[in-house]
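> Let the hints inform the model, and build the full structure from the sequences given.
Chains as they are written, first to last, in this note's numbering: chain V, 3 to 159; chain G, 48 to 574; chain S, 108 to 529.
Think of the hints as simulated: they come from the structure by calculation, not from any bench.
Every residue, glycine too, gets a C-beta built ideally from N, C-alpha and C.
Careful, some of the hints might be misleading.
With a straight-line cut-off of 27 Å between C-alpha atoms, the simulated DSS-like cross-links for lysine-lysine are [as the list claims (entries may be wrong)]:
id, chain 1, residue 1, chain 2, residue 2
1, S, Lys-297, G, Lys-106
2, V, Lys-25, S, Lys-340
3, S, Lys-297, G, Lys-103
4, S, Lys-255, V, Lys-24
5, G, Lys-127, S, Lys-297
6, V, Lys-53, G, Lys-399
7, V, Lys-13, S, Lys-255
8, S, Lys-255, G, Lys-106
9, G, Lys-103, S, Lys-180
10, G, Lys-87, S, Lys-297
11, S, Lys-340, V, Lys-24
12, G, Lys-106, S, Lys-180
13, G, Lys-64, S, Lys-180
Chain V regions said to be covered by chain G (calculated; three or more residues, Cβ under 8 Å) [stated by the list, open to error]:
id, stretch
14, 63-71
15, 77-88
Residues per chain are reported as follows:
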Amino acid sequence: MSVEFSPETLKKFEETVNRYPKKEAAMLPVLYLAQQEFGHLGEEAIAYVAKILEQPPARVHGVVSFYSMLNMKPVGRHHVQVCRTLPCALRGAEKITGFLKQKLGIELGQTTSDKRFTLTEVECLASCGTAPMMQINDDYYENLTEAKVTEILESLK
Amino acid sequence: MDPVNIIIDGREVVTTKGKTVIQAAAGVGIVIPYYCYHPKLTIAGNCRMCLIEIEKMPKLQIACNTQATEAMSVLTQSPKVLAARKAVMEFLLINHPVDCPICDQAGECWLQDYYMTHDLQASRFDARKEHDRKREIFGPNVVFDGERCIKCTRCVRFLQEITHTNELAVVNRADHSTIALFPNSVLDNPLSANVVDICPVGALTDRDFRFKVRVWYLQKTPSICPGCSTGCNISVETYQNRIARFKPRINETVNSHWLCDEGRYCFHDLTGGPRLTTPMIRQEGGLVPTTWEHALQAVYAGVKSAGSLAGILSGRNTNEEAYLFAKLAKRISANCVLEVFYRERELTEVQKILMSPDRSPNFRGAREMGVSSNGGFESLMEKLVAGNFSGVYVVGEDLIATNGDREKVRAALQKLSFLVVQDTRLTETAKLAHVVLPATHFGEKEGTYTNRRGRVQKLNAAVIPPDGALQDCDIFLRLLDAAGETHSYASVAEIFAVLAREIPSYKGLDYASIGDQGIELGSGSVE
Amino acid sequence: MEKILLRNIDVSDSHTLTAYKSRGGYGSWRKIVESMTPEQLINEVKASGLRGRGGAGFPTGMKWSFVPKDSPKPKYLVCNADESEPGTFKDRLLIEKDPHATVEGTLIAAYAIQSHTAFIYIRGELAFGAGRLEQAVDEAIQAGYIGKNIFGSGYDLDVIVHRGAGAYICGEETALLSSLEGGRGWPKVKPPFPATHGLFGCPTVVNNVETLAALPWIIEHGAVAYAAMGTEKSKGTKLFSVSGHIAQPGVYEVEMGYPFKKFLNEDCGGVANGRKLKGVIPGGGSMPVLLPEEIEKVNLDYESVQAAGSLLGSGGVIVMDDSTCMVGAAWNLARFFAHESCGQCSPCREGCHWMEKIFRRIEYGAGEKSDLDLILNVSGNIMGNTICPFGDAAAMPAAAFIKKYRDEFEAHIAEKRCTVAG
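Printed below as a string of structure tokens:
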């Protein structure tokens, strides 16, 4: 198998697994490690995680496909996720999404040709008091305006 | 087993502690509809079809996960329950393609059946239906139609809990949820086709059976799987005098609800190919058709004068046939060596769930009937190859095809002064015979098998043998007549009655009481 | 009013152990481990009247008392930090600004049920908050508050911060446990209940962040002081996340029983831009919307909000002014639930999408008059008929929007366009 953890990640994997009462309980943290290492969770990555966690690959596949943060397909370097749920919608989320589409020249679910940005809409991110908002990779960007979005995009290379 | 008294629809029902309402109701014939519940699998509780009303509980409860407790009062037909069932049916059908005319499950589909009993309304869903994969091959025996799937997860649970092979999982979420194999894997475990049986709808269908015949044309005969000596209870389902499929019949002491793939499809090998329909006799180096009268005379004369004689019976022959065969052998020659065909192979853990290591469903019964000279089958074959016999009478087995060293066996058989082969087809072995007797296969006969564990079970004729062939019992009886046997047997039942008097471990067993579930050896009433 | 939950958040570096300790942090933990039995602790919390803040409002002390004391199996305490209810962001504030309060609360609850392994299950998107919690746990380990033989008592406890991966349903406690077991976030059929058969079949208690964060204060000041606040049945204080068309959105801590209208108009500065209130969801996106006239006499406590026809839920207050298209709002939430249904139960899996499709066609001018009764009927068919409360959560807001804004829906259908927002 060509997909394998680096020695450093393998060490993290072992530390993680050891803290849990059962190996399989470490499924999500290990999938995060894999996503970080391999970029996305394709078939090979899933099969690899299944192997090291001693789980059936079908089960891991079922798990990966259940959670919105686990990507079975590659995403751009910056995964722009705009919240679309009611509190954000009430404060203009749709406009922000429209602006992002125009600015990046892509539709929802697409990645820019330079692989820099992937744009998606997501559900409530617990940031309703600072709506509208978006998450790019692990970071939250709140109280968005078009000017702010422009600034943020430019800061991300 | 503490008794628990509950009331279902005003009727007093006594059940036992730990039983669920669905089980308590089924015990007294009250039908509560369900899809995801299966008595052999963990409770999923996801289909919501078995919702019932329980006194003092504000919400409807699922009968599959509600334990019966003392004085519980259950309503299975209240307006609230009926409305909920109707609602669940409507939900299950909104994305269903309703392609019954091209669906193999039609006629035994729980969606169809429950629609008739619990829904019977036009769908109010007029939006675009969600699509899913059609005709995805899951494995050699199973094909999947995602659009017909109701996500009851019976198949997933079967593969997790029974075979522990875990090939399938639910993937995605919400109404994109679907059943999937991990990419590039195959659903090919030795019990794989059971997922077709437990799929309540047309999502998983049998690749071997599909498009062959509409299920409502099938005639169903309860019988026993001839695949091995586990003796799984089956329903032999036929159409126009041909076996179309095997389905498992529930027998908790034998196979529970299951049937292995090898057994399920073994009828193709056992019944396929051109049938022998006329006895044949060797003349001038070739086999030529003859009459039964001539053939049987030749057999009798041949075995009588053969000198050292061996008789080999198939493990698929019934107890009654074995009894007569042993009796015949004794009449002909006191030294005749008898054995049942028996050969073992290694089994994997999954195979061991159901399968026995042999392919001789009635080896135990046949031996107990006297078809055994204590040397075992392999030792008999060694002697045969070594040229120790001059005459051999083979029933229902192709000794050449089933042996690793075919040429050795062929050479040994060629050297015999007399070889009788009684079979359904002109096998490699039969081609060497001096007399060939056209007989019947497991699906054409009535009788009993005794499985590996000593359960006597009943085989029933599901199809009619071709003209010209004779039942093995009839052949043996005619030869016994020739040998001077005075007792006549009017039926298989009568043969069984006689053997149940003679064979110690079968003493007191009653043919009629074998029924569809079989009886244990030693359970007969001893006079 | 004395702040209980938000008492530390304005302190500089409030997330650090130094700041937390300077405010008396972990004093309750020491007091419990050194001088209280689990029974005394449970009784104290029972006496405080604290109820679960995740949405269901179940008495916390009673929940703990369901855990069998004589079970030979390990016991688990899980802090539910999977805050995902639309309009709710209070736990996030606590986690990011005062993570040690959550950690200390987790330790206290773990001690109450004598668990030796506790998990803090935080929604995956809150990476920053997860980092804060991990740092807090590390600091607490260093300080000897977590680990072996805590304060020399012989009591051992480990705390694991576990990140979810994006699924609203994992906030439901049995779904959370399925997820923590390494599976899909599928709610489990009950019975059995988590108190006896939870994580890996072992006795488990799941408590919300806000519930746990109140514990250090309750132990420090006593059950009587906590119970002195609030109403007869809703004790203490509660956090409200206020969003939407409100002048000052944010997280507020108020005493239970505080007048809703006063809260919106005075504490939160009223409807934004001086517009008129059209509707308000008091308890997060899964609760029925209330009309302005319905909140006139409502107080912010479990009983009062329920009497008004909605539920206090998570305290996620979503304010909608008179420019809001209620068809759009209803569709937005229907889409949320259609997206987040776990897909197990037939009524929820199929029904949520069906409702979403009908709302969508109304929104885009293709609805029919009969669609409104159809949604009411479909939502009724989901309601109460699923494994977990998600079905109700999807059904209730859908029905409430139609019942309360029926004229607007009918006008939208008749005109094939929005008649409010244009």
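> All the hints need checking, so say for each whether the structure fits it.
Hints and how they fare:
1. S/Lys-297 with G/Lys-106: Holds. S/Lys-297 to G/Lys-106 sits at ~13 Å (cutoff 27 Å).
2. V/Lys-25 with S/Lys-340: Roughly 43 Å between the alpha carbons, so the hint for V/Lys-25 and S/Lys-340 is violated.
3. S/Lys-297 with G/Lys-103: holds, 18 Å
4. S/Lys-255 with V/Lys-24: holds, 20 Å
5. G/Lys-127 with S/Lys-297: With a Cα-Cα distance of about 21 Å, the restraint between G/Lys-127 and S/Lys-297 holds, given a limit of 27 Å.
6. V/Lys-53 with G/Lys-399: holds, 25 Å
7. V/Lys-13 with S/Lys-255: holds, 24 Å
8. S/Lys-255 with G/Lys-106: Not OK: S/Lys-255 and G/Lys-106 at ~46 Å, beyond 27 Å, violated.
9. G/Lys-103 with S/Lys-180: violated, 34 Å
10. G/Lys-87 with S/Lys-297: Roughly 19 Å between the alpha carbons, so the hint for G/Lys-87 and S/Lys-297 holds.
11. S/Lys-340 with V/Lys-24: The given pair, whose Cα atoms are some 40 Å apart, is violated under the 27 Å limit.
12. G/Lys-106 with S/Lys-180: violated, 32 Å
13. G/Lys-64 with S/Lys-180: Given that 27 Å is the threshold and the Cα spacing comes to 25 Å, the pair holds.
14. 63-71: holds (count 4)
15. 77-88: violated (count 0)
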